[in-house]
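Following the hints, position chain B against chain A.
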Amino acid sequence: MEQQKVDMFLMTQGKYFEGYQLPAIRDQLLKMDDSKFIMLQAANLKDPTTTLIISIVGGSLGIDRFFLGDTGLGIAKLLTCGGIGIWAIVDWFLIQGRARELNMERLQRVLF
Amino acid sequence: MTEHPSFSYTPNEYEAEKASNSYLMSVIAVMIGLPLPVINLIATAIFFIANKRATHFVRWHCMQALLSQGFTFPMNVTGVYWTLSIVFGANIISNNYIAYMTTIVVFNIAEFIATVYAAVQTRKGNHVEWWLFGPLTHLLIKA
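Chains as they are written, first to last, in my numbering: chain A, 13 to 124; chain B, 43 to 185.
In short, the hints are calculated from the structure, not lab data. There may be inaccurate statements among the hints.
To be verified - With a Cα cut of at most 30 Å, we get these calculated DSSO-like pairs of lysine-lysine: (1) K58(A) x K43(A); (2) K166(B) x K184(B); (3) K94(B) x K27(A); (4) K184(B) x K94(B); (5) K43(A) x K17(A); (6) K166(B) x K27(A); (7) K58(A) x K166(B); (8) K27(A) x K43(A); (9) K58(A) x K48(A); (10) K58(A) x K94(B); (11) K17(A) x K48(A).
In this text, all values refer to a predicted model and were calculated from it rather than measured experimentally.
This is chain A alone, in the form it adopts within the complex (with noise of 0.2 Å):
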């Protein structure tokens, strides 16, 4: 793919991911077919910031693992209103790594 394209996926997506992560994905990119650009376009990337305000409103709800597509976690974490509390908690300094985590395994399914 061109620098020039890669370069601004990266300006505009980076925040999908965590720092230490771009490096490598700017160098997987470069070799990527250009083929593929719409469907990288088109990937489900989550805003971790956006998870983390759900997170806090509705985590005791489990919306935000539902948000996530952990939707196990979700039933469960909605079942015992967010473990009773503590898992919400937990949730709202775990959910922004999550977010960028499930973001790199989208890419790489885009990629691969």
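Showing chain B alone in chain A's frame:
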């Protein structure tokens, strides 16, 4: 109460953030969980389990936060039980009770300040070892 020895490697930005979160979360869990003393211990334990595959720096600081919470837990539980036995039971407020409560309040405040300090320092990437808990953590968390 705290020391700043060098860690075996220089942690990355994201590691510093995660390690700092372990302390920050225990502070918030204390504030939300009061007067129940068990909430912060469970929250810190869940956080440690969630980060058990994280890097050495993150696991080390999660364990230090967990040990400190584990140490204050029996003291706080005893204090809560004693207070409830006075409020609802036949016990009366004695000098022993006042001395015990003063001790655990001072201990909790010291622990709270140390936790906030550790959260600030680890966020900057500095390694903080507490008196007693630091060497214990070294024994439990291997590189």
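Starting from the hint list further up, note which numbers the structure goes against and sort them upward. The structure breaks none of the hints.
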